[in-house]
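Given chain X's structure and the hints, the job is docking chains L and U onto it.
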Amino acid sequence: MQLHGWEAALFYVLAIMTLFMAVFVVTARVAVHSALFLISTLVNVALLFILLRAEFVAGVQILVYVGGVMVLFLFVIMLVQTRAEEESRVRLYTGQTWPAVIIALLLAGSFYFAMSPAQAAFRPPDATTAIAETAERASAGAGLNISKDTQEVGEQLYRQAALPFEIASLLLLVAMVGAVLLARGTKQEKYYE
Amino acid sequence: MQTDFQTIATQAMQFIMPEGILTLFACAALVLDVMLPRDRKRFVAWVSLLGVGLAFASLWILYTSIVSKGTPRTAFFDMIVLDSYAVVFKSIFLIGAALSILLSIKYLEIEGEQRGEYYGLILFSVIGMMFMASSVDLLALFISLELMAVSVYILVGYFRRDKKSNEASMKYFLLGAFSSGVLLYGISMVYGLTGSTNLAKIAAALPIVASANFNPFGAAAPPDMRYLLLMSMILMAAGMFFKVAAVPFHMWAPDAYEGAPTSITAFMSVGVKAASFAMFGRLFLYGLPDLRGSLAGDPASGIPSLPGWALLLGIVSAITIVWGNLGALTQNNTKRLLAYSSISHAGYVLLGLIAGNQTGYTGFVIYLFIYTIMNLGVFGCIIALRRRGIVGDRMEDLNGLMKKAPGLTVMMTIFLLSLGGIPPTAGFIGKFYLFAGLIETGNPWLVRLAILAVLMSVVSLYYYIRFIRAMYIEGETEPQPVTLAPSLRVALVAAAILVIYIGVFPQRLIDLTQKAATSPGLKTYSYQQGATKPAEPATPPPARGMPGERDRQTATPPR
Amino acid sequence: MTVLLALLLQTPPRAGGPPSPGPVATPPIYGYIPIVIFFLIAVLLPVVLLGVSRLVQRQVFEREKLMPYECGVDPIGDARDRFSVRFYIVAMLFLVFDVETIFLFPWAVIYDRLAVFGLVEMLLFIGILVVGYYYAWQKGALEWA
Chain X
509 MQLHGWEAAL FYVLAIMTLF MAVFVVTARV AVHSALFLIS TLVNVALLFI
559 LLRAEFVAGV QILVYVGGVM VLFLFVIMLV QTRAEEESRV RLYTGQTWPA
609 VIIALLLAGS FYFAMSPAQA AFRPPDATTA IAETAERASA GAGLNISKDT
659 QEVGEQLYRQ AALPFEIASL LLLVAMVGAV LLARGTKQEK YYE
Chain L
75 MQTDFQTIAT QAMQFIMPEG ILTLFACAAL VLDVMLPRDR KRFVAWVSLL
125 GVGLAFASLW ILYTSIVSKG TPRTAFFDMI VLDSYAVVFK SIFLIGAALS
175 ILLSIKYLEI EGEQRGEYYG LILFSVIGMM FMASSVDLLA LFISLELMAV
225 SVYILVGYFR RDKKSNEASM KYFLLGAFSS GVLLYGISMV YGLTGSTNLA
275 KIAAALPIVA SANFNPFGAA APPDMRYLLL MSMILMAAGM FFKVAAVPFH
325 MWAPDAYEGA PTSITAFMSV GVKAASFAMF GRLFLYGLPD LRGSLAGDPA
375 SGIPSLPGWA LLLGIVSAIT IVWGNLGALT QNNTKRLLAY SSISHAGYVL
425 LGLIAGNQTG YTGFVIYLFI YTIMNLGVFG CIIALRRRGI VGDRMEDLNG
475 LMKKAPGLTV MMTIFLLSLG GIPPTAGFIG KFYLFAGLIE TGNPWLVRLA
525 ILAVLMSVVS LYYYIRFIRA MYIEGETEPQ PVTLAPSLRV ALVAAAILVI
575 YIGVFPQRLI DLTQKAATSP GLKTYSYQQG ATKPAEPATP PPARGMPGER
625 DRQTATPPR
Chain U
39 MTVLLALLLQ TPPRAGGPPS PGPVATPPIY GYIPIVIFFL IAVLLPVVLL
89 GVSRLVQRQV FEREKLMPYE CGVDPIGDAR DRFSVRFYIV AMLFLVFDVE
139 TIFLFPWAVI YDRLAVFGLV EMLLFIGILV VGYYYAWQKG ALEWA
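First to last, the protein sequences are chains X, L and U.
Quick note: the first sequence uses my numbering, first residue 509, plus one each step.
Quick note: the second sequence uses my numbering, first residue 75, plus one each step.
Quick note: the third sequence uses my numbering, first residue 39, plus one each step.
It is possible that part of the hints are untrue.
As the list claims (entries may be wrong) - Quick partial rundown of chain U residues pointing at chain X, CB under 7 Å, derived from the structure:
1. Phe125
2. Ala129
3. Leu133
4. Ile166
5. Ala179
Stated by the list, open to error - Within a straight-line C-alpha distance of at most 20 Å, the following computed SDA-like cross-link-like pairs (lysine to any residue) qualify:
6. Lys245(L) x Gln604(X)
7. Lys656(X) x Ile73(U)
8. Lys237(L) x Asp329(L)
9. Lys478(L) x Val556(L)
10. Lys656(X) x Phe143(U)
11. Lys245(L) x Val534(X)
12. Lys245(L) x Leu690(X)
13. Lys238(L) x Gly186(L)
14. Lys245(L) x Ala608(X)
15. Lys237(L) x Leu690(X)
16. Lys237(L) x Glu187(L)
17. Lys115(L) x Leu690(X)
18. Lys115(L) x Trp175(U)
19. Lys656(X) x Tyr70(U)
20. Lys656(X) x Ala146(U)
21. Lys237(L) x Val588(X)
22. Lys245(L) x Thr602(X)
23. Lys478(L) x Asp467(L)
24. Lys115(L) x Gln176(U)
25. Lys238(L) x Leu690(X)
26. Lys237(L) x Leu587(X)
27. Lys275(L) x Arg147(L)
As the list claims (entries may be wrong) - Over the 12 Å line for every Cβ pair with chain U, so calculated as not near, a few chain L residues:
28. Gln88
29. Ala131
30. Thr145
31. Ala149
32. Met325
33. Ala374
34. Ile377
35. Val396
36. Ile513
37. Leu526
38. Ile542
39. Val564
Calculated from the structure, these hints are not laboratory results.
The structure displayed is predicted, hence computed values, not measured ones.
The beta carbon of each residue, even a glycine, is placed where N, CA and C say it ideally should be.
Bound conformation, chain X alone (with noise of 0.2 Å):
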């Protein structure tokens, strides 16, 4: 699909803030700033997603990452004593800088290599079908005040992906497990014996 007009130019500045702020989270020297461009990060990427037409996504992404994902990472970041990092010169930047940019470059420049020919298998949309998905959309929204998209997230996952969704089950009970096993206070465990 490719984009035009206003929607083109709501991609290319949500594309930029998203890699502007993704810089910003590795480059800020406070812990609590990194965080705070993080969900900047993960919002732009929303909006990203709304422009997609996957509406449920999106608000998957600001439900989970921003406000639970976020949540716990501000939690981390007061578990650990930081200001003596954010106050002293530590170094911020090693000897690895400068390798990690030459290779973030090749790599970006290997995918433009790969991207460039495959180009021309992106071939805009069919105006008459668009416009009809997106008024089927809206009177399927209309009717019932639900998003089509959860619909068909619904179908796909409830029941092509049964199964990975009862191993996600699994994996959430896992990581239940870890939390408790690894991160248990002296008190708890006394509480405990």
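Frame of chain X; chains L and U shown alone:
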């Protein structure tokens, strides 16, 4: 929808019974852990062992009643397939898990960390491994990979008071999460290019997308998708190389192996590696078979042909074998040494994928089977050296072991010789098949690769013999006696007998693994006389004679 | 113009008349105008409030006034102290159940179509997580005493 439900329910009862049993027992292990008093915790180990046994029994029933007869079946909307390949790998994981649990019981008691979560997490990771072996969908493969990996990250840091264990867990987790990201990047690109996450559908779409003249929308110049395909293939390979600890991505292995509890080192060096190879095989042999050889170009319009993954794997396995063996030469910590040795073994196993013929695939499966048993044996012997006040992971701790524990020494010798690939042991059978597969191809570059591998396994004998020298010739440096706990003794004796038995009477295992290696969908590839050498980039590419080169079996697993 | 009108009215333009040939701009996403307005107000409101108070305030800074307010008592120690690791467990548990709740959304939307299958599926999913919840509870992960 009712019929839908019934189908799924029947399938669940039948096809994923072993995994279901393990899930039940894993949850039971967690619940038992909070219910049992502190001095009864070892009971959880026996319950978990019972779970593994029951899962094995149900796997056996499944094999005899369904898999061994007729064509493999797919279930859960083509998410998993039940074929010999999956069954053999699942049995590898179950044997590995059973031996690891037996090795752990006494060890955890000595460390004072006997808790139920340990066994629960081992079972959870085995569930992940088993789904990795049978999944034929990128989504299911990735989630099961994560289930296995997350459980193992936690297990590596299981000794919370041990700084080394924490550090190992942290390193393994950070690098592992990064490599999962790389793998996922590759997966997302493959999905974008082929429009499916199902491996059979991807394999069906590849010949179309990978041809130089693919032009779906009638653009002026055909869009060349091959570079993107190769890019995604490389990203997926990089993710998998990390999981199996192949050389450019092996840095985590020595640190993680050294810091982890020894029983977990044993478990991850066999279970995680075998499972990752099972997934590697599924991804590359089922999903991307057409990217193996060179991707034909169009000489008329000046489109170059590109090398496929056989070249990539060839280079990586050569580096891995050399680097792993050379790295092991200078180590003094036995766990670190065995980490390097397991890196080099990953290189050997890759040879089976590169050979691309029946013999190579048989070697691929049989070697992982044997490697699981012998490597667990070696680690079991090192665990036996853990006594009050002695960690037992230095080379000196083995000094004069012959006088203290002759039985243990003999078993250790068997395992070490097997790792080195000396004839009367099982390791020889595995290496024989791997190297024979390469030589069978008749391709000069692959034969050279086989010769390199043989030379390097001679080098590997040097450091295995260092162990033997310490045990037999060196004088005692530590007066404390070595005693074997009953569970450890059972595990070690069973492993030693299996290693010798397979070495002397390999036929039954060969039959079983050959069935796995001939599973439908597993495409073999013969190197035509005088055709391109996949291990060499400089030779001129073949013209569009691709279909003739390939002896393709049924492409899609039937429903 | 029609596009702008459609944007404001939040409905797609009626597909009247033959569509013009050639690539036409993808129809814009409708229905986000309220959110954009909301967002603008959310940004403007604090800016205006702070700006106005900055303009009208008397600027007096003294030691007492700059001290962090702690219920009228002099502050003890640094506000940015290290937190107990127990907060981490709570955050982690929150995250796990947050993800679980997200999974319930698409399930609830097509619940009528999934019928018994969906019910059993979700029961299994939640059942496995309940085991984890029981484990965490019994281990004292939720205990604060």
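- Item | Restraint check, 7 Å cut-off on beta carbons, for Phe125(U) near chain X | 5 Å, holds
- Does Lys245(L) pair with Leu690(X) here, judged by a C-alpha cut-off of 20 Å? OK: Lys245(L) and Leu690(X) at ~15 Å, within 20 Å.
- Restraint status (C-alpha distance of Lys237(L) to Asp329(L) at most 20 Å): 12 Å, holds
- Message: Need the status of pair Lys656(X), Ala146(U): alpha-carbon distance at most 20 Å?
- Response: 13 Å, holds
- Message: Just want to verify: Ile513(L) was marked as not at the interface with chain U; is every Cβ pair farther apart than 12 Å?
- Response: 49 Å, holds
- Query: Given Ile166(U) as an interface hint, is the shortest Cβ-Cβ distance to chain X below 7 Å?
  - Reply: 4 Å, holds
- Between Lys245(L) and Thr602(X), does the CA-CA distance stay at or below 20 Å? Roughly 18 Å between the alpha carbons, so the hint for Lys245(L) and Thr602(X) holds.
- Item | Hint consistency between Lys238(L) and Gly186(L) [alpha-carbon to alpha-carbon, up to 20 Å] | The hint holds at about 17 Å.
- Item | Assertion that Val564(L) lies outside the chain U interface [Cβ separation over 12 Å] | Given a closest Cβ separation of 30 Å, the condition holds.
- Task: Hey, is Ile542(L) genuinely clear of chain U, shortest beta carbon separation above 12 Å?
- Result: Nearest chain U Cβ is 45 Å from Ile542(L), so the label holds.
- Holds or violated: Lys115(L) with Leu690(X), Cα cutoff 20 Å? 18 Å, holds
- Item | Closest CB of chain U to the CB of Thr145(L) still more than 12 Å away | 26 Å, holds
Consistency note: the structure conflicts with none of the earlier hints.
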